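Based on the provided sequences and hints, a complete structural model is requested.
Residue numbers (full-length UniProt numbering), protein chains in the order written: chain B, 1 to 278; chain A, 1 to 395.
Treat each hint with caution, since some may be false.
[To be verified] Simulated pairs of lysine-lysine, BS3-like, Cα-Cα distance not exceeding 27 Å:
| id | chain 1 | residue 1 | chain 2 | residue 2 |
| --- | --- | --- | --- | --- |
| 1 | B | Lys76 | B | Lys177 |
| 2 | B | Lys44 | A | Lys206 |
| 3 | B | Lys76 | B | Lys44 |
| 4 | A | Lys45 | A | Lys166 |
| 5 | B | Lys7 | B | Lys177 |
| 6 | B | Lys7 | A | Lys206 |
| 7 | B | Lys44 | B | Lys207 |
| 8 | A | Lys206 | B | Lys16 |
| 9 | B | Lys100 | B | Lys221 |
[Stated by the list, open to error] Computed, partial: chain A to chain B, Cβ under 7 Å:
| id | residue |
| --- | --- |
| 10 | Glu17 |
| 11 | Glu20 |
| 12 | Val116 |
| 13 | Thr117 |
| 14 | His230 |
| 15 | Ala306 |
| 16 | Ala323 |
| 17 | Cys324 |
| 18 | Phe342 |
| 19 | His346 |
| 20 | Leu379 |
| 21 | Pro381 |
| 22 | Phe382 |
No wet-lab data here; the hints were simulated from the structure.
All of these numbers come straight from a predicted model, not from anything done at the bench.
Here a beta-carbon is modelled for each residue, glycine too, at the ideal position from N, C-alpha and C.
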Amino acid sequence: MWEYTDKVRELFLNPKNAGEIPDANAVGEVGSLACGDALKLFLKIDDDGVIEDAKFQTFGCASAIASSSALTEMLKGMPVEDAEKITNKEIAAYLGGLPKEKMHCSVMGQEALEACLLDYRGEEAPEKITEGEIVCHCFGVTDVAIRRAVEENGITTLEDITNFTKAGGGCGDCHEKLEEILFDVLGKKREVKVEAKPLTNIQRMQKVMQVIDEVIRPSLKQDGGDIELVDLDGTDVIVSLRGACGSCPSAKLTLNDFVQKTLREQVEPDIRVREASS
Amino acid sequence: MKTLYFDNNATTMVAPEVLEEMLPFFSEQYGNPSSMHRFGGQVGKHLTLARDRVAKGLGCEPDEVIFTACGTESDNTAFFAATMAQPGKKHIVTTKVEHPAVLNVAQRLERHGYDVTYLGTDSQGRLDMDELRDSLRDDTALVSIMYANNETGVIYPMPEIAEIVKARGILLHTDAVQAVGKVPFKLSELPVDYLALSGHKLHAPKGVGALYVRRGSPFRTFMLGGHQEHGRRAGTENTTGIVALGKAVELATQHIEAENTQVRALRDRLEQGLIKAIPDTRLNGHPDERLPNTSNISFKYVEGEAILLMMDQHGICASSGSACTSGSLEPSHVLRAMGVPFTYAHGSIRYSLSRYNTDAEVDTILEAMPPLIERLRELSPFKKDQENEPPACTC
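Given below as structure tokens:
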């Protein structure tokens, strides 16, 4: 069973704002039965552009229902211009967090809201939502949606692209394309991984610093942690974990499974990460 | 809150008689059965007794039983035994609805140059014997077909399968993890070469299993080390687990009739009660050719994980083939192989009973489920008037 927060459980078992708004002036719908989750969002927006009421209908798991309920709670009484800025991260934060495999539920909320606001303005929601080229045909996810999810959520792995967007969660044929998009957004072309020429010390130092600053640190910061580069000794990278990561019982896993793996993938395959002795 | 445990295909409670019999092997009887001294030798006698009990339950000879750590190890060992013994044969036949303990091994072998045929099923989960017959080749090293499916309970016709496979001189393995203890076995009359079973599915603890290897069938060791299990499975024996498994198989044999009468009747009352009380509900799997304890039911327009969490509020434990319970995004490979529509596949719940379930528990479930499903359906945007099956996954 998933480890859900009390807030997720509460909003799943006693969802607020479930149902339809018959005279809604904004309706947004995303997902499908085939995908396993779907959300229909109804908004009643007054003449001053303030959301008077918000309701939802959701087919899906506990986190999908809780995310929908959370979103409607957040929206009620909010001016449209503020609602436009709501991200999936804020929906997840309202719930006290979601298991990473369930982050796509919060993304579904954000997408339904966007569809709703387009409907409010009389624009064609479906075209906007499917803007771009479909990369994952199993779940109909476009390159635009993937790029945005990577950028907005500090995604650094293929696995997390699936967790956040569902892309790649079916047949797996799109994995190579997803990786290309990921490395493109991160500014790291795939060729880096297979660079034949050994790096000079200065090149290695620059690349390690760049990957730590652009990829590793933003991701750790999401969990309240941080990392400091202490030294480089050949291909040994000596770092110090800070914040929540420093005292985390899984610090060793973070170093091996995330920091070292990312540096090996994006800088040099021989890199070994060690923690500085205190 | 009382726990209503209807998830016995996942694991079972340790039977009190089994617990009682295994306890001394945690304390005073801790000798190593491989030791030369009498203190260890006494434990060895209990291993012999356990092997005899398992052999009796399976209808085979004691020296045809190898103790392992689990059903997965038994399945893996059978695959490696059969393929290593016949290096020139590079084809394997199995089904699309196997447990991952078989499917993942088949896929690994595929990556190492094997050609694997995955047999499909019909909408009730049954295999096509002509398809099996046509799939066999001169270079087929192994056919592996489960005895009964863990999700739907559908039982495969092993005597007929064995006749087809053995007529071509091909090795046959069956994953009988869900079947042992629920259907009678007489392996002396059923010509399978390898059969896997697991202790924790029949009221023994987790961490013990067994592999039946027919006398004369090729065998290559998977676990290398000491001379335990006559050199066929190295590693100091899990004596407590093995003693427990022996007792559990003995008990299961005694309870086979009850399994097929009382448990079946309880299961049928639950199943029929749910289907009658809740509209847009369907049974997954063949109505008759099924384990007596298993019922896989789908509730249209609702999602399985949400149902399970609501059931958990009533203390009811079951499983779902919903994608969301596992973190994968596709619903159960078994239900999809059977062509169960998405409208139903996401909302599947597997109830699996044991001899410890009661009429009162079934009453509680029958009372709790209808309002629970109704409540989730009220939340759903999909309604009865939307009958169109959504587009299938294109992968």
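Outcome of the hint check:
no., hint, result
1, B:Lys76 - B:Lys177, "violated (39 Å)"
2, B:Lys44 - A:Lys206, "violated (55 Å)"
3, B:Lys76 - B:Lys44, "holds (9 Å)"
4, A:Lys45 - A:Lys166, "violated (36 Å)"
5, B:Lys7 - B:Lys177, "violated (36 Å)"
6, B:Lys7 - A:Lys206, "violated (34 Å)"
7, B:Lys44 - B:Lys207, "violated (51 Å)"
8, A:Lys206 - B:Lys16, "violated (42 Å)"
9, B:Lys100 - B:Lys221, "holds (15 Å)"
10, Glu17, "violated (30 Å)"
11, Glu20, "violated (31 Å)"
12, Val116, "violated (17 Å)"
13, Thr117, "violated (19 Å)"
14, His230, "violated (40 Å)"
15, Ala306, "holds (5 Å)"
16, Ala323, "holds (5 Å)"
17, Cys324, "holds (4 Å)"
18, Phe342, "holds (5 Å)"
19, His346, "holds (5 Å)"
20, Leu379, "holds (5 Å)"
21, Pro381, "holds (4 Å)"
22, Phe382, "holds (5 Å)"
Hint compliance for this structure: hints 1, 2, 4, 5, 6, 7, 8, 10, 11, 12, 13 and 14 are not met, and every other hint is.
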